[in-house]
Amino acid sequence: MSAFVMPSLGADMESAVLMEWKVKEGDRVEKGQVIAEVETSKGVIEIEVFEEGIIEKILVTEETECAVGMPLAMIRTEGASTTEKISEQSTPEPVAEIPHADAPLEAPIPEPTIQERIKASPAARRKAKEMGIDLFSLAVQGEEIHLSQVESATPAELVEPKTEVSGMRQAISRAMSRSNAEIPHYYLGTSINMTPALRWLEEENKKRTIKDRILPAALLIRAVVLSLKAVPELNGFWENDAPNIKAEIHPGIAIALRKEGLITPALLNAETMNLDQTMHSLDELITRTRAGKLRNTEITRQTITITNLGDLGVESVYGVIYPPQVALVGLGRIMDAPWAEGDALCVRKVMQATLAGDHRATDGRTGAKFLEKLNDLLQHPQELL
Amino acid sequence: MTQEQIKTAIIEQILEIAPDIDEADILPDKNIQRSLEIDSFDFLKILTALNEVVGVEVPESDYAKVDTLEHMCEYFKERVKS
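Going line by line, the protein sequences match chains A and B. Each residue of the first sequence is one higher than the one before, counting from 1 in this note's numbering. Each residue of the second sequence is one higher than the one before, counting from 1001 in this note's numbering.
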């Protein structure tokens, strides 16, 4: 018997709300089956189970807030004897877990202020409102505030607008602060002539129906994945002062949510996909991300991050590595630019590809090899099919 | 299909694919992708869905002709089998 616990879905997460059970007691579950949905700051996440067995008991009801590590259900695993001890922390699979930062996770909640009525003349009150001054800052015990006091108030007494920081913003803030404090980044960049790849893609798309069309983003991701196969040192984690290179490539793809924020869910096992599969999976991943329907594995297993801010129109991206990953690939906007070919100067579609690397894990030479391979593949796009 | 029906179909598909867009923000003469922050994936989805509704497939080389709501309406109107 083992406990199915609330998994950690990122360093930022302390708890999540169990929204829905997809199974009931007595159900047989298989490895990888989605058995529950939880709501986090990243939206609704589907939670998979990592072992085969039978749901013996469901321990929490729907719409309960559960801390990370809290047992949610008991699973009777095949062949397990009843005397077997219950594993306390059975979040199996070494997820790319980020240890909690030392800093308290919750922003300190200000003491509730007692809204005493402040004595002030109506004119002073009006003026204070106009100028955005907090009358509290001017109040002296028992005395009435007059107009002249408000008018002579210094900017320090102006009320500072307080902004609500969303859970997602706080999560990004913590991860990025940790990254910049711990990871000695190095940055490399190269200009890639995208004309051959885009021309090839145009011809390829002419042969396809609209449903099977390939977008440049999929071609680029496929090229990055193939380059990582050639230079695997950039795909993995820096853990316990040592590199931990992964054979599976789960690139985290930066996807903007239209309303607010950005999520980098993993395109799981991208190394097993051809171009069509990459396009299809990417399309599906984007749709699910925007609909708030990601799986726990997709938000915890990223082995590298690819950020393609192309749609926002910047030329180059120098990213901050998401720990414990060791690299981040930045792909800029594809734009018309002067390009020298032989003796001639011409106009080509050009993209800036950048690499942010963790200098503890790799050297610039590794990064350079990666960018070289990426460039090379994009000059021979038929190899990306 | 009348011009008006085509327009309704286009707006419907935009809202279907990007439900957080406010219908009032879909202006006839503004670039659909830029003004509504629709990326290449969602744009392709809109065109794929419209292909099923209107029966016209927009090749990539014609993307410049379907950049605004107005242009897209005209484009489909000219090609749709009445």
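Hints are supplied without guarantee of correctness; some may be wrong.
Claimed, not checked - In silico DSS-like cross-links for lysine-lysine, where the CA-CA straight-line distance does not exceed 30 Å:
no., chain 1, residue 1, chain 2, residue 2
1, B, K1081, A, K373
2, A, K31, B, K1007
3, B, K1081, A, K349
4, B, K1081, A, K211
5, A, K24, A, K211
6, A, K22, B, K1081
7, B, K1007, A, K349
8, B, K1065, A, K211
9, A, K207, A, K31
Worth flagging that the hints you see were computed from the coordinates, not collected in a lab.
Checklist entry - For this structure, which hints from the list above don't hold up? => result 1, 2, 3, 5, 6, 7 and 9
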